[in-house]
Amino acid sequence: MIEPTAVDRYLDAVSVRLRMPDALRDEVLEELAAHLTDATADEVAIGVPLEIAEQRAVERLGPADPLADRLRRTHATKRRLLAAVGNGLMPAARDTVGGLFVGMVIAVVAAAALAALTRVAFGLLDRPAPTWGEGRAVFTSVYALVAFLAVSWGTATFVRTVAARSVRDPAAVWAPIGLAAAAVTATIAWTARLPHDGISVALYGVLPLAALASAYATAHPSAWRPLRRVAPRREWIARLALVMLVGVLSAMLVAAVGQALAPRFMASLTPPTDAYVSASADPDVTAVATERRERARVPVISDGWGYAGEPVVVLFQLGEAHWSRYQDLQVEAWRAVGPDLGHGGTGALDPDLSAPLLIEPVADPRTDHIVLALDRYRDVGTYALFLVGTERSTGDRVIIGEPAVSESTYYGTLIHWLLVAR
Amino acid sequence: MTATSPSEVPATPDIDPQLLKGTTAMLILAVIDDGELYGYEIAQRLRERSDGAFEPSEGSLYPALHRLELEGALSATWRASDRGPRRRYYRLTDAGRGLLADSRDRWGAFVRVVDRVAAPG
Chain A
1 MIEPTAVDRY
11 LDAVSVRLRM
21 PDALRDEVLE
31 ELAAHLTDAT
41 ADEVAIGVPL
51 EIAEQRAVER
61 LGPADPLADR
71 LRRTHATKRR
81 LLAAVGNGLM
91 PAARDTVGGL
101 FVGMVIAVVA
111 AAALAALTRV
121 AFGLLDRPAP
131 TWGEGRAVFT
141 SVYALVAFLA
151 VSWGTATFVR
161 TVAARSVRDP
171 AAVWAPIGLA
181 AAAVTATIAW
191 TARLPHDGIS
201 VALYGVLPLA
211 ALASAYATAH
221 PSAWRPLRRV
231 APRREWIARL
241 ALVMLVGVLS
251 AMLVAAVGQA
261 LAPRFMASLT
271 PPTDAYVSAS
281 ADPDVTAVAT
291 ERRERARVPV
301 ISDGWGYAGE
311 PVVVLFQLGE
321 AHWSRYQDLQ
331 VEAWRAVGPD
341 LGHGGTGALD
351 PDLSAPLLIE
361 PVADPRTDHI
371 VLALDRYRDV
381 GTYALFLVGT
391 ERSTGDRVII
401 GEPAVSESTY
411 YGTLIHWLLV
421 AR
Chain B
423 MTATSPSEVP
433 ATPDIDPQLL
443 KGTTAMLILA
453 VIDDGELYGY
463 EIAQRLRERS
473 DGAFEPSEGS
483 LYPALHRLEL
493 EGALSATWRA
503 SDRGPRRRYY
513 RLTDAGRGLL
523 ADSRDRWGAF
533 VRVVDRVAAP
543 G
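Protein chains in written order, with our numbering: chain A, 1 to 422; chain B, 423 to 543.
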C-alpha cells in the first residue's frame with residue numbers, strides 16, 4: 001500500500017472541511033494541488049529532497065482547517081444561495097407536477113381496486129355497497145395521497161437542487177423552513193374554505209410534514225444510513241417509502257390531535273355565521289340569519305360542515321301574537337342521526353331518545369335569541385332544534401308553526417338542523 | 423515562473439500583518455494587472471515585487487482570489503499544464519480595473535495622511 005504524501009494528507013484534510021458542492025470542491029482542490037505541485041517543484045529544483053520539499057510546500061500554504069473554512073465562507077454568499085433557490089424552483093415545480101400525475105395514477109388504480117374489493121366484501125355480507133356519495137373519506141384520502149406525493153417530491157427536488165448549488169451554509173436551512181412556513185400559512189388561510197372534518201385536518205397536517213420530512217431527508221443524507229444495505233438502484237424507492245411512512249404516521253398523529261383540537265381551532269378560523277330560524281309557514285317565525293350575523297358566537301354552517309366549539313346561539317323572532325297565544329316557550333335540542341338533515345337528506349331524530357338533550361326556556365318576551373350549551377355534547381354530530389310552547393287557550397303543549405320541511409319523519413316545527421362536527 | 427525558492431528569499435523587514443489587512447485585494451489586483459496569472463504565480467509576484475516583505479500564508483491568497491472573482495473583479499479560466507494539474511488563470515475584468523484604480527486612489531490618500539501625521543515634528 002502506498003503511503004500518502006504530505007500533499008495528499010493536506011488535500012484530504014482540506015477536502016474533509018470543504019463542505020460545498022462536489023464540482024466546486026473538486027475545482028478548489030485541483031487549484032490547491034497545482035499550487036503545491038509548483039511549490040514542491042521549485043524546492044526540488046534547488047536541491048531539496050522531495051519529501052521535505054512537499055512538507056515545505058504544505059507549510060507555506062498554511063494550516064488546512066482555517067484555509068478550508070475561509071474558502072467555504074467565501075463561497076457561502078447570499079447571492080449564491082438566492083441563485084440556488086431560484087434555480088431550484090423550476091425543477092421543484094416540474095417534479096411537483098410529476099408527483100401530482102403519479103399520485104393521480106396511483107389513486108385511480110387504488111380506487112378501482114378499492115371499489116372492486118368493497119363490492120366483493122359487501123356482496124359477501126349481503127349488504128348494498130356504499131356509493132361514491134358516501135365515500136367522502138375515500139375521496140379525501142386519495143386527495144391526501146396525491147397532495148402528499150406532489151409536495152414531498154417537489155420539496156425533495158427543491159432541497160436537492162439548492163444543496164447542490166450552494167455550500168451547506170446554515171443559512172440554507174432557511175429555504176425549506178421558509179417553504180414549510182409558507183405551506184402552513186397557506187394551509188391555515190385555505191382551511192377557512194375547506195372541509196373541517198378529521199380526515200381533512202389530517203391532510204392539512206400532511207402537507208407541511210411531507211415538505212419538512214422530504215427537506216430533512218434530502219439535506220441530511222446521513223439520515224438514510226439504515227438504507228445503505230438497500231441496493232443503490234432501488235434506494236430511491238426505499239427513501240420514498242420511508243418518507244411516505246413517516247408522513248402517513250405523522251398525519252395520523254396530527255389527525256388524532258386535530259380531532260381533539262379542531263373544533264376550537266376551526267371555530268377561531270371560520271367567520272361566524274348564525275344559527276337561524278328556518279323559513280316557516282308561520283310568518284312570525286322569520287329567518288334572521290342575514291341580519292343578525294353580529295350576534296353569532298360560533299360557526300354553525302348549515303350546509304354540511306362546521307364545528308360547535310362554543311355554546312350555540314339560536315336567533316329567532318317571535319311576533320307579538322305568539323306571546324299572546326303561547327306561554328312557556330322553550331327551545332329543545334334533540335339528537336339527530338343521518339347525513340344532511342334539513343337539506344333533503346335522510347336524517348331523522350335519534351329513535352333511541354325519548355327526551356331532548358337540552359331544553360332552554362325563552363322567558364323574556366323581548367328575547368330574540370337564546371344560548372344553548374351544546375358544547376357539552378361533543379359526541380353528538382347533528383342536532384335538531386325545535387321551538388315549543390303551551391297554547392294558552394287549550395293548555396296543550398304544541399310545536400309552534402308548521403314543519404319547515406315536507407318529510408313526514410320530521411315532527412313539529414323545525415327551527416333548524418344544526419350540523420356540527422362530531 | 424521564477425526558479426527562486428521562496429524559502430531562499432533573503433530576510434526582509436517585518437511588516438505587521440494587521441497593516442496588510444484591507445490591502446490584500448488591491449495588491450492581488452495590482453499583480454494581476456500585469457497580465458493573466460494563476461495562483462502560484464501571483465504568490466511569487468507578490469513576493470518578488472515586495473522583495474520578500476510580504477510573506478503571508480500562501481493559502482490566504484485563494485479565498486481572496488475567489489472572493490474577487492465572485493464580486494466580478496476577476497475572471498478565471500482553466501488551462502492544461504505539462505506539470506500536473508490544470509492551472510486556473512485569473513485576469514482583471516473591467517470592474518476589477520475600476521476597483522484597482524479606486525483602491526490605489528484611496529491608498530494614496532491614506533498614505534499621505536498617515537505620512538503627514540507620523541512625520542517628525
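Everything labelled a hint here was simulated from the structure, so no lab data went into it. Note that the structure is a prediction, hence the values are computed from the model and not measured. The C-beta atom is built at its ideal place from N, Cα and C for all residues, glycine as well. Among the hints, erroneous ones may be present.
What the hints assert, rightly or not - Footprint (simulated), chain A over chain B, 3 or more residues, beta carbon under 8 Å:
(1) 456-468
(2) 484-497
(3) 501-507
What the hints assert, rightly or not - Distance windows between CB atoms, simulated:
(4) LEU492(B) - VAL16(A): 42 to 52 Å
(5) ASP8(A) - GLU493(B): 45 to 55 Å
(6) ARG19(A) - VAL539(B): 44 to 54 Å
(7) THR499(B) - VAL16(A): 25 to 35 Å
(8) VAL102(A) - THR445(B): 51 to 61 Å
(9) ASP8(A) - ARG538(B): 28 to 38 Å
(10) ASP504(B) - PRO91(A): 34 to 44 Å
(11) ASP524(B) - MET90(A): 30 to 40 Å
(12) ALA45(A) - ARG508(B): 19 to 29 Å
(13) TRP529(B) - PRO66(A): 19 to 29 Å
(14) GLY506(B) - VAL97(A): 23 to 33 Å
(15) SER479(B) - MET104(A): 54 to 64 Å
(16) ALA541(B) - ALA45(A): 26 to 36 Å
Unchecked claim - One-sided excerpt, in silico: chain B residues whose CB lies under 8 Å from chain A:
(17) LYS443
(18) THR446
(19) ALA447
(20) GLU480
Now for the hints, and whether the structure bears them out:
1. 456-468: Holds, because 4 residues of the segment 456-468 of chain B bring their Cβ atoms closer than 8 Å to Cβ atoms of chain A.
2. 484-497: holds (count 5)
3. 501-507: holds (count 4)
4. LEU492(B) - VAL16(A): 42 to 52 Å: Hint violated: Cβ distance 23 Å, outside 42 to 52 Å.
5. ASP8(A) - GLU493(B): 45 to 55 Å: Violated, since ASP8(A) and GLU493(B) (Cβ atoms, about 32 Å apart) do not stay within the stated range.
6. ARG19(A) - VAL539(B): 44 to 54 Å: 45 Å Cβ-Cβ, so the 44 to 54 Å window holds.
7. THR499(B) - VAL16(A): 25 to 35 Å: The hinted range 25 to 35 Å holds for THR499(B) and VAL16(A), with Cβ atoms some 28 Å apart.
8. VAL102(A) - THR445(B): 51 to 61 Å: holds, 58 Å
9. ASP8(A) - ARG538(B): 28 to 38 Å: violated, 53 Å
10. ASP504(B) - PRO91(A): 34 to 44 Å: holds, 40 Å
11. ASP524(B) - MET90(A): 30 to 40 Å: holds, 38 Å
12. ALA45(A) - ARG508(B): 19 to 29 Å: holds, 21 Å
13. TRP529(B) - PRO66(A): 19 to 29 Å: Holds: the Cβ-Cβ distance is about 27 Å, inside 19 to 29 Å.
14. GLY506(B) - VAL97(A): 23 to 33 Å: 47 Å Cβ-Cβ, so the 23 to 33 Å window is violated.
15. SER479(B) - MET104(A): 54 to 64 Å: holds, 59 Å
16. ALA541(B) - ALA45(A): 26 to 36 Å: violated, 45 Å
17. LYS443: At about 13 Å, which exceeds the 8 Å cut-off, the nearest Cβ of chain A leaves the hint on LYS443(B) violated.
18. THR446: violated, 12 Å
19. ALA447: violated, 12 Å
20. GLU480: holds, 5 Å
Violated hints, listed in ascending order, are 4, 5, 9, 14, 16, 17, 18 and 19; each of the other numbered hints is respected by the structure.
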